[in-house]
Amino acid sequence: MIRPGPVRWLHYQFGGRLPEQYRDWVLHDATCRTWVLRVLIRGLLQIAPIGLALFLGLGFLGGAWPIAAGALLLGVLVVARIVLTSSVDSVDSRLTKYGFPPGYGSAARRQRDAEAAERYRAVWRQNPPES
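Start counting the sequence shown at 147; every next residue gets the next number (our numbering).
Derived from the structure by calculation, the hints contain no laboratory data.
By construction, the Cβ of each residue, glycine as well, lies at the ideal position given by its N, Cα and C atoms.
Please note that the accuracy of each hint is not assured.
Between beta-carbon pairs, the in silico distance windows are [as the list claims (entries may be wrong)]:
#1 Ala263 <-> Ser236: 23 to 29 Å
#2 Gly203 <-> Gln167: 38 to 44 Å
#3 Val153 <-> Leu200: 21 to 27 Å
#4 Ala226 <-> Gly249: 22 to 28 Å
#5 Arg163 <-> Ala262: 26 to 32 Å
#6 Arg154 <-> Arg179: 19 to 25 Å
#7 Leu190 <-> Gly245: 26 to 32 Å
Please model the entire structure based on the sequences and the hints provided.
Right under this line is the structure:
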């Protein structure tokens with residue numbers, strides 16, 4: 147699996163398409179254990195330039211810094227909610243752009259979770275020995 151460099155990663159985070167050689171990494175990005183955190187970081191990174199500009203604008207144009215900070219925090223919370231609410235659909239849609247069938251990311255995560263649950267049961271849920 148080839149991981150994109152910082153410039154390509156940033157391009158990908160802002161909605162750009164990576165070359166075909168990164169297809170496996172995109173699948174990993176969408177199905178790894180921390181996929182929700184990655185989606186949240188992506189959404190917050192996309193809104194960061196606008197939030198920073200508004201924060202600085204409100205602060206320097208005579209606005210009160212606490213109000214600017216409160217507005218920024220509220221904006222971050224709203225964006226986080228929207229991003230997390232649509233995370234499954236957006237990740238599945240992104241995977242279809244790379245040639246995976248619709249719903250493939252969700253199915254891969256379900257399979258990975260089932261395998262992890264089976265490994266857990268095999269190790270920790272053994273029947274006690276008969277006495």
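Consistency of the hints with the structure:
no., hint, verdict
1, Ala263 <-> Ser236: 23 to 29 Å, "holds, 26 Å"
2, Gly203 <-> Gln167: 38 to 44 Å, "holds, 41 Å"
3, Val153 <-> Leu200: 21 to 27 Å, "holds, 26 Å"
4, Ala226 <-> Gly249: 22 to 28 Å, "holds, 24 Å"
5, Arg163 <-> Ala262: 26 to 32 Å, "holds, 31 Å"
6, Arg154 <-> Arg179: 19 to 25 Å, "holds, 23 Å"
7, Leu190 <-> Gly245: 26 to 32 Å, "holds, 28 Å"
Violated hints are absent here; each numbered hint is respected by the structure.
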